[in-house]
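Could you put together the complete structure from these sequences and hints?
Numbers 221 to 603, taken from this note's numbering, label the letters of the sequence shown in order.
Don't read these hints as lab results, they were simulated from the structure. It should be emphasised that the depicted structure is a prediction, and the values quoted were computed from it without experimental measurement. A couple of the hints might just be wrong.
To be verified - No more than 35 Å apart at the CA atoms, straight line, and that leaves these computed lysine-lysine pairs for DSBU-like:
id	residue 1	residue 2
1	K519	K504
2	K260	K288
3	K481	K365
4	K562	K510
5	K448	K436
6	K242	K312
7	K436	K517
8	K589	K467
9	K436	K481
10	K465	K556
11	K260	K325
12	K436	K519
13	K366	K325
14	K562	K519
15	K599	K556
16	K562	K468
17	K260	K244
18	K556	K504
19	K481	K260
20	K482	K588
21	K307	K257
22	K436	K467
23	K404	K382
24	K517	K588
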Amino acid sequence: MSSITEKAKNQKQVLTLNELSKRKVVEHNSLITSIAKMDKTPLKMFELAVSCINTEEPPKDNTVYLSKRDLFAFFKVSDNDKHSRFKEAVEKMQKTAYFQIKEVKEKGYEMTSIVPIPTVKWNSYNDEVLIRFNQDIMPYLIDLKKNFTQHALSDIAELNSKYSIILYRWLSMNYNQYEHYSVKGGRRAEQVESYRNPSITVKELRLMTDTVNEYKIMNDFTRWILEKPLEEINAHTHFNVSYEKVKKGRSIDSIQFHIGKKRMADDNSYKLDDRAYQEDKARKAETEDKLAIEAMKSKYTRLLLDNMLLSPYEMTDTSLMAGLQAHVYPLYDELKDLRGLKGVKDHLSYVASKREDYSKKNIARYLKKAIEQYLPTVKRQEL
Numbered sequence: 221m222s223s224i225t226e227k228a229k230n231q232k233q234v235l236t237l238n239e240l241s242k243r244k245v246v247e248h249n250s251l252i253t254s255i256a257k258m259d260k261t262p263l264k265m266f267e268l269a270v271s272c273i274n275t276e277e278p279p280k281d282n283t284v285y286l287s288k289r290d291l292f293a294f295f296k297v298s299d300n301d302k303h304s305r306f307k308e309a310v311e312k313m314q315k316t317a318y319f320q321i322k323e324v325k326e327k328g329y330e331m332t333s334i335v336p337i338p339t340v341k342w343n344s345y346n347d348e349v350l351i352r353f354n355q356d357i358m359p360y361l362i363d364l365k366k367n368f369t370q371h372a373l374s375d376i377a378e379l380n381s382k383y384s385i386i387l388y389r390w391l392s393m394n395y396n397q398y399e400h401y402s403v404k405g406g407r408r409a410e411q412v413e414s415y416r417n418p419s420i421t422v423k424e425l426r427l428m429t430d431t432v433n434e435y436k437i438m439n440d441f442t443r444w445i446l447e448k449p450l451e452e453i454n455a456h457t458h459f460n461v462s463y464e465k466v467k468k469g470r471s472i473d474s475i476q477f478h479i480g481k482k483r484m485a486d487d488n489s490y491k492l493d494d495r496a497y498q499e500d501k502a503r504k505a506e507t508e509d510k511l512a513i514e515a516m517k518s519k520y521t522r523l524l525l526d527n528m529l530l531s532p533y534e535m536t537d538t539s540l541m542a543g544l545q546a547h548v549y550p551l552y553d554e555l556k557d558l559r560g561l562k563g564v565k566d567h568l569s570y571v572a573s574k575r576e577d578y579s580k581k582n583i584a585r586y587l588k589k590a591i592e593q594y595l596p597t598v599k600r601q602e603l
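Here it is in structure tokens:
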């Protein structure tokens, strides 16, 4: 029986270090929108393995080969404990990592749970790692005549959060469609734009990120599922993404994203396309103005004025007013639901009595911190 190395060379499936930056990951959209029941390391390892698949010539026995050297390079692992850490990552991937895929059928929908990589084989005397995919996952990786997404492996390599990877894949899916229909046609102009400015309900986003029972407080959800991941995506990938919350009544119903694409600069770093930058800048200004106008009309602004927590002069600062409307007033809504408007008045009266001089430098941040500290106590008392 030939060694893993010989098989790898024969099939020409070994990933070389220079190819890492050129690799693309191609997956069916059903896999992109599935629930990834795994942490970042198994998810990144899966993406790396998928990048080795040639969809024109699918791998024999659903098997691809990686070198340990390039595997460690992809994960940026260089310490002496790397082999044991690799072993632990593989064991976790095979024991606890799976995709939960939902597909719509004629009579309803069908749920399928698939452990994507049931077999990983390596040894102590050569550099190759054998990875064999579950046969049930293969249709989502090679049967890609339509409804599939392609993204850069090098982008995934730089993301260090499970939520960053999940969100990046979903944004790529939408932007791929924007690029496709912009060139090929077949969609109305507003439909094409909707791919560049995709919207997802909070409920759907929680399902996709597997956070239905986590980050119950909207501020926590915003921080860990939106703000932190988008910081990584904007810093390390070819996308530049902003977002806005869309309310339905008093609650945040959905999130709308705005995706700009960077171009490569001369130093091989990413540079935001000038047109996309200007469009993004104008969109942010428009959103800020809209939020500021809403804040002007809010009963909470009157309460802040009554308690001298806000001055008429500060009301001319659109950035400040937009910040209050976006990040503070929704929390006052939560308090009002629990204690009524009197509860908000009592809270602001207390905050005014305890106000520190440093709060004048950033009143929105001060008010946000105050209500964030108070709300959990109110919720506990209500329970």
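Which earlier hints can't be squared with this structure?
none
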